[in-house]
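Put chain Z on the given structure of chain S with help from the hints.
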Amino acid sequence: MSRKGGLRLNRSTFNRVVPYVILSLIGVMFLMPLLWVLFAAVDPQAQLSLKVPRGVTLDNFQAILTDPATQMSFVNGLFLSVGQSVLVVIVAGLAAYPLSRYQLNYKKPFMYTILFATALPITAVMVPVYQLFILLNFVDSLVMTMLFLTASSLPYAIWIMKNFMDSVPVELEEAAWVDGASVWRGLRSVIIPLMLPGVFTVSIFTFTSSWGNFFVPFILIQSPDKLPASVTIYQFFGQYGLVEYGKLAAFSILYAIPAVIMYIIGQRYMSQGFNFGGATKG
Amino acid sequence: MMAIELVHEKSSQRNLSNAGSLEKKGKREHVRSILFLLPSWILLLLFFFAPILLTILFSFTNMSLTGSAARDMDFVGFKNFVTMFSDPSFRISVLNTMVFLIFSAILGQQVLGFTLASLMRERSRSFRRIIGTVVMAGWVTPEVVVAFVWFAFFSDQGTANVVLESVGLKPVAWLYQFPMVSVVIANIWHGTAFSMLVYQAALDDVPKEVEEAAKIDGATGWQRLWHVTLPIIRGSISTNMVLITLQTLGLFTLIYALTGGGPGTETETLPIFMYNQAFINYQLGYGTAISLVLLVIGMIASLTYIRLLKLKT
Chain S
1 MSRKGGLRLN RSTFNRVVPY VILSLIGVMF LMPLLWVLFA AVDPQAQLSL
51 KVPRGVTLDN FQAILTDPAT QMSFVNGLFL SVGQSVLVVI VAGLAAYPLS
101 RYQLNYKKPF MYTILFATAL PITAVMVPVY QLFILLNFVD SLVMTMLFLT
151 ASSLPYAIWI MKNFMDSVPV ELEEAAWVDG ASVWRGLRSV IIPLMLPGVF
201 TVSIFTFTSS WGNFFVPFIL IQSPDKLPAS VTIYQFFGQY GLVEYGKLAA
251 FSILYAIPAV IMYIIGQRYM SQGFNFGGAT KG
Chain Z
1 MMAIELVHEK SSQRNLSNAG SLEKKGKREH VRSILFLLPS WILLLLFFFA
51 PILLTILFSF TNMSLTGSAA RDMDFVGFKN FVTMFSDPSF RISVLNTMVF
101 LIFSAILGQQ VLGFTLASLM RERSRSFRRI IGTVVMAGWV TPEVVVAFVW
151 FAFFSDQGTA NVVLESVGLK PVAWLYQFPM VSVVIANIWH GTAFSMLVYQ
201 AALDDVPKEV EEAAKIDGAT GWQRLWHVTL PIIRGSISTN MVLITLQTLG
251 LFTLIYALTG GGPGTETETL PIFMYNQAFI NYQLGYGTAI SLVLLVIGMI
301 ASLTYIRLLK LKT
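As given, the protein sequences belong to chains S and Z, one line each in that order. Going by full-length UniProt numbering, the first sequence wraps up at 282, each residue one higher than the last. Going by full-length UniProt numbering, the second sequence wraps up at 313, each residue one higher than the last.
In case anyone wonders, no lab produced these hints; they're calculated from the structure. C-beta: ideal position from N, C-alpha, C; glycine also. Where hints are given, some of them may not hold.
[Said to hold, decoys possible] As a list, the in silico EDC-like pairs of lysine to aspartate or glutamate whose alpha-carbon atoms are at most 20 Å apart:
no. : chain 1 : residue 1 : chain 2 : residue 2
1   : S       : Lys-107   : S       : Asp-179
2   : Z       : Lys-27    : S       : Glu-174
3   : Z       : Lys-310   : S       : Glu-174
4   : Z       : Lys-25    : S       : Glu-244
5   : S       : Lys-51    : Z       : Asp-156
6   : Z       : Lys-215   : Z       : Asp-156
7   : S       : Lys-107   : Z       : Glu-29
8   : S       : Lys-108   : Z       : Glu-29
9   : S       : Lys-51    : S       : Glu-244
10  : Z       : Lys-25    : S       : Glu-174
[Claimed, not checked] Residues of chain Z placed beyond 10 Å of chain S at every Cβ, according to the derived structure:
no. : residue
11  : Phe-58
12  : Val-94
13  : Ile-102
14  : Ile-106
15  : Lys-170
16  : Phe-178
17  : Val-210
18  : Glu-212
19  : Val-228
20  : Gly-262
21  : Thr-265
[To be verified] Here are a few chain S residues that face chain Z, going by a calculated C-beta distance under 7 Å:
no. : residue
22  : Pro-19
23  : Val-82
24  : Val-91
25  : Pro-98
26  : Ala-119
27  : Ile-233
28  : Ser-252
Next comes chain S alone, as it looks inside the complex (with noise of 0.2 Å):
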């Protein structure tokens, strides 16, 4: 009996302990590299291992914060990034008032495009996008990249916003009607309040994609003053990637401090991203 008992009291807790050692040994295989990018940035030496650096330094920052090429890439990208989540939240959100408050016949086929167009991958139209590029003669051009990429992003930013503003009752806008307000006016002041979730959602999801995308810039534009970050790390990576471990570091982590702030600011509602229930209102 007391052997039986025993072991029952083993079985359970061996089953209580194996989800947290599995689970704690994938966390540190996730943590392994990241670590090392952490660990590297900071250390004098650097190496391509990791290991606890001996000392503490901020040279790699330093340098690669005082270098005006990398500065000036910051700037395209964040011009590109925050000028194409504007334009995106601004053009979806008016796309999305008369898709989520009027009787329209094409309203059903206009969102099954949409939600088509979602899905596709961009990296697909990339070599034809460079053609149309090159017969309007908008190649290297950052404002025609950022509405590329502003149109690229459009179908999922339209899609959300019109369940965000589905969400929202009709009656608080008609109210507002009734004491005279424009709809202009009553989109302003009643709508867009109500809509401040989905508009943190699309412009967080845009502009995380945006900074990090690589591949359109790369194909769009061409002169090193005009590339964004996401290009010219990639280029630092590529000239001085195998020995100036620490400085490409230092780089990453200060490239990819945007998208963290992003996320950081953004996980409560980035959930509803992945809501695919609340998605599917046609």
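Here is chain Z on its own, set in the frame of chain S:
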């Protein structure tokens, strides 16, 4: 009688004026919706649908970045496609794409993501938060940095070899001997968080009572997983599968920055092959034909996705 008629007349009149204002309102709404949708239409037509149409058009030309074909391109019929299907490099890249897709996304990210989500379910809050944050970090890291981090990890003096040596094994030239394994692992690290979040949401919706009932009926953990949990969340599994397939299919940066598609053509997936043909070999027409293949696969996956969403509602 009169009174009733009067009322009747009055109400019909009101109806009439209502219909008039409704028509006016409808017209106004119509104009407004066109105005509101206009910026979207312009951007989408110019930068989204036009490129898709151009993909179809240009893939039947001999367009080139340099030489005479750069200025005067000709329609060459199905020549690009004939070249493509007889090109051994094309077959290799299709094969590489499939291997990469199956091992990094469909198996790697899905299984690991599900394992994480289900194991994390009944753990303490702080523990869950730590593991979740570490996994999310891989997802938040921009692709170029992911490539760089794993380049260091797999390099000759990198962490992977230090670990191997510490347990008495010989170091390995990962990026040369096992380039596909390396990019697959890097992509699992980068993408698993997405599947983890999807499955966390899905598992939250599984009713506790159903699982409890199965437990009382004496079902083992595996039986409960296979016969109870997985059937309930199968909608999320298929949706997630299609979404990560689409994400992985178009993946360029991670592979390009980590191995450049090499050594040789060992990690050359379709996007890398497309890039090399269009921008390195200057064969834009041929490169576009390859894009078309990618686009068609993407369209099929995308239509599957819509179908799945429709089924769910």
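Now the hints, each set against the structure:
Taking the CA atoms of Lys-107/S and Asp-179/S, the gap is near 29 Å; set against the 20 Å cutoff, the hint is violated. Our distance criterion of 20 Å between C-alpha atoms is met by Lys-27/Z and Glu-174/S, whose separation comes to about 18 Å. Between Lys-310/Z and Glu-174/S the alpha-carbon distance is near 32 Å, which puts this suggested pair outside the 20 Å criterion. Using a Cα cut-off of 20 Å, the hinted pair Lys-25/Z and Glu-244/S is violated, with the two alpha carbons roughly 67 Å apart.
Distance check on the hinted pair: Lys-51/S and Asp-156/Z sit about 15 Å apart at the alpha-carbon level, within 20 Å; holds. As the CA atoms of Lys-215/Z and Asp-156/Z are separated by approximately 49 Å, the hinted pair breaks the 20 Å bound. At most 20 Å may separate the alpha-carbon atoms for a hinted pair to count; Lys-107/S and Glu-29/Z meet this at roughly 13 Å. Using a Cα cut-off of 20 Å, the hinted pair Lys-108/S and Glu-29/Z holds, with the two alpha carbons roughly 17 Å apart.
Between Lys-51/S and Glu-244/S, the direct Cα distance comes to roughly 16 Å. Compliance with the 20 Å bound is thereby established for this hinted pair. With a CA separation close to 14 Å, the supplied pair Lys-25/Z and Glu-174/S stays within the 20 Å bound. At the 10 Å boundary, the C-beta of Phe-58/Z falls inside the reach of chain S, the nearest C-beta of that chain being 6 Å off. Residue placement check: Val-94/Z keeps its beta carbon more than 10 Å from all beta carbons of chain S (closest about 14 Å).
Its beta-carbon lying about 17 Å from the closest one in chain S, Ile-102/Z satisfies the requirement of being farther than 10 Å from that chain. Look at Ile-106/Z: its CB is around 16 Å from the nearest CB on chain S, clear of 10 Å, so calling it non-interface holds up. The beta carbon of Lys-170/Z is kept farther than 10 Å from every beta carbon of chain S, the shortest such distance being approximately 16 Å. Non-interface call for Phe-178/Z relative to chain S: holds, since the shortest CB-CB distance, roughly 16 Å, exceeds 10 Å.
No Cβ of chain S approaches the Cβ of Val-210/Z within 10 Å, the least distance being about 18 Å, so the stated non-interface status holds. Residue-level check passed: Glu-212/Z sits 16 Å from the nearest beta carbon of chain S, beyond 10 Å. The beta carbon of Val-228/Z is kept farther than 10 Å from every beta carbon of chain S, the shortest such distance being approximately 18 Å. The beta carbon of Gly-262/Z sits about 14 Å from the closest Cβ of chain S, which is more than 10 Å, so the claim that it is off the interface holds.
In this structure Thr-265/Z is separated from chain S by more than 10 Å, as the shortest Cβ-Cβ distance comes to about 18 Å. Taken as an interface hint, Pro-19/S checks out: its beta carbon lies about 4 Å from the nearest beta carbon of chain Z, inside 7 Å. Here the hint on Val-82/S is broken, as its CB sits about 16 Å from the closest CB of chain Z, past 7 Å. With its C-beta approaching chain Z no nearer than about 5 Å, Val-91/S sits inside the 7 Å limit, and its interface hint holds.
Below 7 Å, beta-carbon pairs count as interface contacts, and Pro-98/S has one with chain Z at about 3 Å; its hint therefore holds. Of the supplied interface hints, the one on Ala-119/S holds, with its beta-carbon coming within about 4 Å of a beta-carbon of chain Z, less than 7 Å. At its closest, the beta carbon of Ile-233/S sits 6 Å from a beta carbon of chain Z; the interface hint therefore holds under the 7 Å criterion. The criterion of a C-beta within 7 Å of any C-beta in chain Z is met by Ser-252/S, whose closest approach is roughly 4 Å, and the hint holds.
The structure fails to meet hints 1, 3, 4, 6, 11 and 23 from the earlier list, while all remaining hints are met.
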